[in-house]
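Could you slot chain B onto chain A? The hints should help.
Okay, here's what each chain looks like letter by letter:
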Amino acid sequence: MPDISVQIASLHLKNPVIAASGTFGYGQEYAGLVEDGVFGALVTKGISLLPAPGNPGPRIVETPSGMLNAIGLQNIGLEAFVSEKMPLLRACMTPVIVNFYGTTAEQYVELAERLSDVEGIAALEANISCPNIKQGGVSFGTDERMAAGITERIRAATRLPLIVKLTPNAADIARIARSVEQAGADALSLINTLTGMVIDPETRRPLLANITGGLSGPAIRPIAVRMVWQVCRAVRIPVIGLGGIMSAGDALQFLIAGACAVQIGTGLFVDPAIAGRVAAGIRQYMEAHGFERLDQIVGSLIV
Amino acid sequence: MTTHHGIARIVTTALSGTDTVHLVLEAPWLLQARPGQFVMLRVGDGTAPLLRRPFSLCAVTHSGIELLVKIRGNGTERMARWPAGHAVDIIGPLGNGFQPPPAGTASAVLVAGGIGLAPLVCLARWLRDNRPECAVRMLLGARTGTDCDALIPFIPPSCALQIATDDGSRGTRGLVTDLLEDAAVLRPAPVFYGCGPMPMLQALANCARRAGLPCFVSLEAHMACGVGACLGCTVPAITPRGPAQVRVCADGPVFDSRLIFP
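Here the protein sequences line up with chains A and B, keeping their order. Numbers 1 to 303, taken from my numbering, label the letters of the first sequence in order. Numbers 304 to 565, taken from my numbering, label the letters of the second sequence in order.
Here chain A stands alone, though its shape is the one from the complex:
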């Protein structure tokens, strides 16, 4: 049986399929639908220092082969997360990666410090790429110097494996990736959503109250695969690929492009059983092609 386990710094995944931030809540919402342990790891909803109310609705709209969302990073805040959600997450077999964001560098640093003291967190994922909040978020992720600066400060604040989540809404994602690598990130995850917009011609109004939102789903997959391929050629640290994965074949594209693991978000909404299906599909593919370890596939693109 092929080995599909992955090591990312001190983070050990028994399979390379991770639940993406914002789609798996705080890990309990899918109880009864997603069996504990089928994901290699889960990434929590993005956590901020204080509770955040998020954006007014409508917050989501379906688009061709995708969806646009402008949730606005609604979350219960660090304190409630640690006291109410972490006890349940600690009881899971699945390694927990906590996604976090701030609107200033100081907030990122404080979050990283305080999360590092919490038992049961396997890694941190810094969100420097959300398109749906006015300050922080994506503005850190589109400027090479700001991305490096914030990564350096977070790096100094935590000994947990640090994954930095990159936005595709940058002029040159490979340059951002390199600067984040040099600043001390252990791994990168990409891509976050692409900024998009839908208008109802009848009312001449945007369908999202926030006007613009982040596009996810199969519609963005070819862009995500391309960006993962570009970034993997530019950095040496592990890359986690995401963007519209619906099947094992989709996940394999990211692995072949160079990602060592994948995240699934929108696909989980469509099929809660997706993690097991994708992991089994990767195994079958490896058996059929005579691969024994995942690293034999990673970056194996033939051109």
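No false leads were slipped in.
Reference excerpt, derived from the structure (chain A facing chain B, CB under 10 Å, subset only):
#, residue
1, Tyr-26
2, Gly-54
3, Asn-55
4, Glu-62
Hints were generated in silico from the structure; no laboratory data involved. Here the structure is a predicted model, which is why all the values come from computation and not from measurement. The C-beta atom is built at its ideal place from N, Cα and C for all residues, glycine as well.
Just chain B, lined up with the frame of chain A:
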């Protein structure tokens, strides 16, 4: 009652009027579902439509569930053609459902706007079977008589039915909530239940507040996950802990109307 992901089978698909579909499904794991709960179902295997669609239960039977669906786009058009035996990928039951009135409640008034009738049919059937002492009045609002005629067959005859249509071709001309001005509706003092467009629910909530009577509204929203994870379906509410965005899928879809229309 745990939520489960499974395959249901179509027993019958029947068009009512021109754009309403009644689906009967065999789904053994949904027999304990409550009125006001909903399911998320996949319309097809592909990416168009991509996301599951939420549908309120219009009945829970001895072998499964029934849905009442308004044909609005490609997805619902496809559902209208599902043959007997067709496999449907369903997650459910989801949401909180209606809180049943206490035993001995003398009267319930159910206010439906168009296809918002679906969960109220489920509730009316439950009340008929479990609260025989409760007189149930159904107020149905629709745009036209044709729309009305497509829905009426699903209303249990145990309900006293009053109708309002925009064009006046059935019942009274005007809004369904105008029917609340009839003093007879408030005697004996009822519990109100509503499902329909937000302005209708607002008018219902206002009426209930003026009369000092309990009122529960079932909300509709675009949803992605249906289980409370994505926070895509939230609406502003005044909760006991202050103003907050509440999730229609997991905190609702049924709310005390005072939370949503303070």
